[in-house]
Amino acid sequence: MARMKFLIDAERCTECNSCVTACKAEHNVPWGINRRQVITINDGEFGERSLSVACMHCSDAPCIAVCPVDVIYSTDDGVVLHDKDGCIGCGYCFFACPFGAPQFPSNSAFGSRGKMDKCTFCAGGPEADNSPAEYRKYGRNRLAEGKLPICAEMCSSKALLAGDGNQVANIFRERVVWRGAAALAWGWGVAYGKKGVKKSYAQYPHAATLERAAPDGAASLRPAAGPNRHNGRNIGNNDVDNSRVRGAPRAGSVQP
Amino acid sequence: MFAEIHPVDANNAGIRDGQSIWLEGAEGAKLKLKALVTRRVAPGVVFMPFHFGGHFEGKDLGSKYPPGAEPYVLGEAANTAMTYGYDSVTQMQETKVSLCRVTRA
Amino acid sequence: MLLICAALWTLSYGAFAAGPGAVPAATRQASLRVPDPGANLWRDVRGATRGTTQATGTERGVLINARGEDWRRIQTGPITRYGGWALFLTLLAVLAFHVFHGRVRLEGGRTGKTVFRWPLFNRLVHWYTAVLFIIQALTGISLLFGKHVLIPLIGKPAFSAYAETAKILHNYLGLLFVLGVLATLVVVFKHNLPERGDLKWLLKGGGLISKSHPPAGFVNAGEKLLTYWIIATVGVVACVSGLVLDFPNFGQFRDTMQLANIVHGAATMIWVVVIIGHIYLSTAGVEGTVEAMWTGRVDQRWAEQHHSLWYEELDRVEADSARSGTEAEGGRESPAEPSAG
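Protein chains in written order, with this note's numbering: chain V, 1 to 256; chain D, 257 to 361; chain H, 362 to 702.
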């Protein structure tokens, strides 16, 4: 069975917040609750990175462990869902979650929080798939229709990936290989100083090595074009033109 | 509605993050916004998101929409503060940039 | 144990404590000694850095706060395990005492003549607090252990409904209960200060096992320590942590709530264990005791046997007033009469 995971590529996220908007629109999330949020570190400065964070659907979820009424559960796909009918709004899941994923409609005195709401990986809840009751409580169930979460589908730069963990990891690995570590490697600045960060990837000394390793423009490193199907599900397109990725070498642009 | 202002400019104008400000265009229009003080914009640059409507020079005109057609989010339209080089009907600035002055509200 | 818990938790707080800034736009300057290596980014991400975000709410913008995992381990580990065992063993001990040792009898039986002990106001405060304590204890225990014990018995939907009611009761009555605790601590404070006979009484174990009756004042040393001063220390800690949990609308961060939850769990379990002892000894454990708090009067022989120093004072006062001709009331309070205020 596929184990569903999210992966956020910090090098690609542009902080457009499309994922946030898509999630709120698709599931009719009430005001004040943000199932997904985009967080930017070093805003406006060198090294600014953004990450899109929601429930990470942990394998050993702390929220499941601490819930006093045991309403949070993990499906066969590895998606962590919960039953709003049983939720008592104690907030323990929010305390336990490292990502602050569980949200509550209110934060009033006497600890009356209302029912917990969080990212469902677009997989609804315990109610019958795609039923009106399920939509009202948890939002749309895309997974049951064979689709992937709307946030990842909507991501403008395909920074947010969602789907089977193995496939997602493969895609990201290919990107990392294609991009090369270059300025991201620890110690790069120690070795080359601030001047070592070049304006274009092609100027790095080892760009030639990469070109030599894959003389056909590294096409063999590129995944096959077209939609990537797994178990009949479309888990994202592979015909993203990686040559547009920042820092990727272009054919013929390498200088010895 | 908000405008992104560099900390240097915000400091000079006595503006703190989240405070209300008047953004005055070169043609005299004044927009009432909130300040988002951040280093995202360069010193001397103010950025304002556009495609919003319903507020005009600090007044809420939401009631003038046809019933049921009011947008979920109302905000100042950036075009109100734009200057020469704009489309005569929408006042959209061709260069998408103009002059402004920011003061604390 | 409580203090150790709290001290360890706070010490390991260290750099992870996110300050009380509710403005999400503030960023922490990540120290970049080298230009933009990814390692720095992910170190910041894991280190509870706060970034800018458009989402609003408490702690929005904090990427990863791993303290929840520590809390989860303690909450589902020692607190549940030791708390559960403490509860079970205390009940067992009380039962064993009652079965094998038997209740402490009033030697010689009742005389039928009673002595005034607790005024009405004291009794009202006591029962107000006691009833609320029982409710708080039962609801709290079912919220902590319920999912292990009750779900297998009554199933999830039923337990969920019960737990929802329990949480509402626990949270709303919690405030009223705290007021009762404060009133109790104030109203009987002067009875619970250390006295001369206390140490001797304690060394004799109050005569519980040896079936002797070491002299004691209005309140014996055991009651002072185990009932009053436990409430004044552990109980107050439990109340304060409970209030922190009960009013999250003051923008407490997760770390605060986690610490309060652990402190609350440990303190209340200790408190419950001690009160089980108190309830037993005040009712079935020692004959002739419960009527003190019910009617306000106790049998003279009970007073003689369990609180001889107080009884002698009473006798002396009565004898004095009889000698001086004034009409003595049927037994009166100890010389320092608590005002019914």
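These aren't lab readings, by the way, just hints derived from the structure by calculation. Glycine included, each C-beta is placed from N, C-alpha and C at the ideal position. Any given hint could turn out to be false.
Derived lysine to any residue pairs resembling SDA-like cross-links, with alpha carbons at most 20 Å apart [claimed, not checked]:
| id | chain 1 | residue 1 | chain 2 | residue 2 |
| --- | --- | --- | --- | --- |
| 1 | V | Lys84 | H | Ala522 |
| 2 | D | Lys286 | D | Gly270 |
| 3 | H | Lys517 | V | Ala128 |
| 4 | V | Lys137 | H | Lys517 |
| 5 | V | Lys24 | V | Asp43 |
| 6 | V | Lys147 | V | Asp43 |
| 7 | V | Lys84 | H | Gln415 |
| 8 | D | Lys352 | D | Gly284 |
| 9 | D | Lys352 | D | Pro305 |
| 10 | V | Lys24 | H | Ile529 |
| 11 | H | Lys551 | H | Ala519 |
| 12 | H | Lys517 | V | Asp43 |
| 13 | V | Lys115 | H | Gly418 |
| 14 | H | Lys572 | H | Leu450 |
| 15 | H | Lys517 | V | Ile64 |
| 16 | V | Lys137 | H | Glu525 |
| 17 | V | Lys84 | H | Leu554 |
| 18 | H | Lys517 | V | Lys147 |
| 19 | V | Lys115 | H | Glu584 |
| 20 | D | Lys290 | V | Asp43 |
| 21 | V | Lys137 | H | Pro518 |
| 22 | H | Lys551 | H | Leu670 |
| 23 | V | Lys24 | H | Thr417 |
| 24 | V | Lys24 | D | Val329 |
| 25 | V | Lys84 | H | Arg442 |
| 26 | D | Lys352 | D | Met257 |
| 27 | V | Lys115 | V | Lys147 |
| 28 | D | Lys286 | D | Ser276 |
| 29 | V | Lys115 | H | Ala519 |
| 30 | H | Lys517 | V | Thr75 |
| 31 | D | Lys288 | D | Thr359 |
| 32 | V | Lys137 | V | Glu127 |
| 33 | D | Lys290 | H | Glu584 |
Derived list of chain H stretches under chain V, where covered just means 3 residues or more per stretch with a C-beta under 8 Å from a C-beta of chain V [what the hints assert, rightly or not]:
| id | region |
| --- | --- |
| 34 | 448-457 |
| 35 | 564-577 |
Partial list, derived from the structure: chain D residues whose beta carbon lies under 7 Å from chain V [as the list claims (entries may be wrong)]:
| id | residue |
| --- | --- |
| 36 | Arg295 |
| 37 | Lys352 |
| 38 | Thr359 |
Original post:
Which hints from the list above does the structure break, by number from lowest to highest?
Top reply: 5, 6, 7, 10, 11, 12, 14, 17, 18, 19, 25, 27, 33, 34, 35, 37 and 38
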